[in-house]
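Asker: Listed below, chain by chain, are the residues.
Number of protein chains: 4
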Amino acid sequence: MTTVNIGQGFVRLDAAMADDASVVNAARVSFAKNAVLPNQMSDADKGLINFLMREKHGTPFEHNSFRFHVKTPVFVAREWFRHRIGSFNEFSARYSEVPNDFFVPDERDVRAQVGKPGSYSFEPLSENVSRSTVEIINAANERAYETYTGLLEMGVAKELARSVLPVSMYTQFYWTVNARALMNFLSLRTHETAQRDIRFYADAVYALVAPVMPVTFESWENNGRVTP
Amino acid sequence: MTTVNIGQGFVRLDAAMADDASVVNAARVSFAKNAVLPNQMSDADKGLINFLMREKHGTPFEHNSFRFHVKTPVFVAREWFRHRIGSFNEFSARYSEVPNDFFVPDERDVRAQVGKPGSYSFEPLSENVSRSTVEIINAANERAYETYTGLLEMGVAKELARSVLPVSMYTQFYWTVNARALMNFLSLRTHETAQRDIRFYADAVYALVAPVMPVTFESWENNGRVTP
Amino acid sequence: MTTVNIGQGFVRLDAAMADDASVVNAARVSFAKNAVLPNQMSDADKGLINFLMREKHGTPFEHNSFRFHVKTPVFVAREWFRHRIGSFNEFSARYSEVPNDFFVPDERDVRAQVGKPGSYSFEPLSENVSRSTVEIINAANERAYETYTGLLEMGVAKELARSVLPVSMYTQFYWTVNARALMNFLSLRTHETAQRDIRFYADAVYALVAPVMPVTFESWENNGRVTP
Amino acid sequence: MTTVNIGQGFVRLDAAMADDASVVNAARVSFAKNAVLPNQMSDADKGLINFLMREKHGTPFEHNSFRFHVKTPVFVAREWFRHRIGSFNEFSARYSEVPNDFFVPDERDVRAQVGKPGSYSFEPLSENVSRSTVEIINAANERAYETYTGLLEMGVAKELARSVLPVSMYTQFYWTVNARALMNFLSLRTHETAQRDIRFYADAVYALVAPVMPVTFESWENNGRVTP
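Chains as they are written, first to last, in the numbering used here: chain A, -19 to 208; chain B, -19 to 208; chain C, -19 to 208; chain D, -19 to 208.
Incorrect hints may appear among the rest.
To be verified - Calculated cross-link-like contacts (lysine-lysine; reagent style BS3-like; alpha-carbon spacing at most 25 Å):
#1 B:Lys13 to B:Lys26
#2 A:Lys13 to C:Lys96
#3 D:Lys96 to B:Lys26
Stated by the list, open to error - Reference listing, derived: stretches of chain A covered by chain B, where coverage requires no fewer than 3 residues with Cβ under 8 Å from a Cβ of chain B:
#4 4 to 16
#5 83 to 94
#6 116 to 129
Keep in mind that the hints were calculated from the coordinates and are not lab data. Heads up, the beta-carbon is just placed ideally off N, CA and C, and yes, glycines get one too.
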């Protein structure tokens, strides 16, 4: 599996240079010990990974790289791009015409927000309200897109016309990141206080990387999903 | 002057720890030479700054800090946040209700985009089209905001309701950055190929920082606005 | 107090753009709330800092800057420079002749290392061994320096001649860093598993910054010195 | 070829996730264009890489990763570790006994330094002086190592005993870095003003990476070895 679809969006693992042995070898160089091969990991090596995770010796988790191709709504991308340790290249609405492709929530994801910042909880709304919300959002997206294409037809520059498009519009980007920065991303974005929509994406990222570095991510899981 | 207004937005220099002497002293420590005081800069010290700029010895330009408070449309903020060397905290549409505050272009800034990516040029549109564009954008913003407040009234969570809001909505953030990263930002965002809307902001940033490190920014200007 | 001496070395706080209010204001912008002034911090504001620290909302602690001038032995500087979030400029033994200035431990700091990596402990050695160690190190430094100056007199380039100098030689550098990166440095370098020699420096750094952002650093202390 | 030996040191390319197609694809996502496969690069794709390099659109060069295992003298490693965009794990003289392994220059690399900082030149010394320099450095290394092992035998902690060892001692580390940061490293460290000893290493790094991303590095070469 290399692609997970989320609504009309997706996360695709495009390439990886990653295995648990690289963590062990980065740590072993501290002792000038010889490198282990990926298929030669001993129980002691796995224990070393767990020790590094628990004691938050984070640097050995950096000698790897994952490249993703991602399609998300802009409001999700906006949160994603706040993670500064990593590389991004994104679709440009200055250079290209934005396609007619917008996020609309599932009815079951239309919810009310209860409580205060830092401790929000979310509660379901009535079926009527949920269905109506989906229809309203859909119609708003359509109207915005009509306005956009109308402005383009009038000759207005793409970079200005796009200003009427909602943050529900889909965008695409490449993201390249190492496992340590990835664990920081996952800690924050798979957390129950994260917005549900980015959580779906973060869960997908996790599903794609966990099998590539199984000892590392099992250890991360067992240590409370805290970034080392 | 600490604030520059741009439409309904602004750039405000909130605080600075910055002077030309810090550049000189960071370079002089390489030779174990004594520090100079800001009011004791000699011609040789100014020449040293120019040498560092020209030869792209960039690190001495990092021992300073500028903190800005900025209000921009989201489509401008999206470009701004791509600059990873620096610190950001932004308004959250998950935590707070978005105010009714949207970017609308000046009529004179409504233009057509001509040419290809990398070498676009922009040409004025007729007065009619320009006026009409402003009206259309204004109306689209209003409709989107009505949809947004309607969804909130139905009980929909802020984080979902905001998905209908256009990228013309204003946001606010704090940005803290050193002069070297700032010169990189200014090189890219005051450039004639940058979107006009972020150029207004980048020009404002430049107007605010240049007097604080006059020798540094004059040297940057004289060396073709290239990041050292 | 702006300078702490450590043997023949020192840490000097050269400049700061830092107060607790900047943390509060960076967090308050999320809610579009007005800024507070440094002398107007309420108990709620202090509680907010504590909340941010406890919940590891780290970015509001980045909108500040500390510039230090430091003199340490090279083996301490080597650990210091591993901290990548921050700016450094250092004395160059390629450009300048290294002065006759070397680290020699206090007799009471001459100790044996017991146990395994990750859980070393250190025990005192006899007075004789300690005194003898100090003499041996002193003599080794002197011999190395004589070799160095001898090579220079023979016409050998500084950058090559310096290769005989021990990592006990003193170096100087400027270091500019924000409070969040500083807390990471302090977590690791004031820790009991850190080398005693860098701990003296980290303790000095802490003594200099704590009064500048008292609420922040008291909160960091109360939350187990964990980086937010 | 994956390893280049330099004296008793080496650079080994341990792993790579890198090809020219990743540069093209990162740029093409701006236009929502489909990805190209590494073996399907057209002339237009190669031209795109050259355009990105020339116009300093640097981010597409970040979606790749190289992992190196390096053995260098400490005075070379000290310069290497100043490059903050990248990941390092190094041999620890706190945890392990330092082996008897020191840098000694080739006779032909013993030179005089002429001129001023920023425009040094280097001239050969007489055969006598060169031979004598090598002998003096060799003897100094041996004496220092004897002092070190003597201190260990007296029971002194490794972390303190190592303070007498010269910066000519060999160390080992893993280094993981992307092509953009690598080009910055190569620009500075293959430059004629860089210390000859790190230039040998930088040249080796270049020899190892150039065949992996041939279009990228040829373009870098043709554009004056300037970091995009």
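Asker: Run the structure past the numbered hints and jot down the numbers of the failing ones, going up.
Answerer: Violated hint: only 4; rest satisfied.
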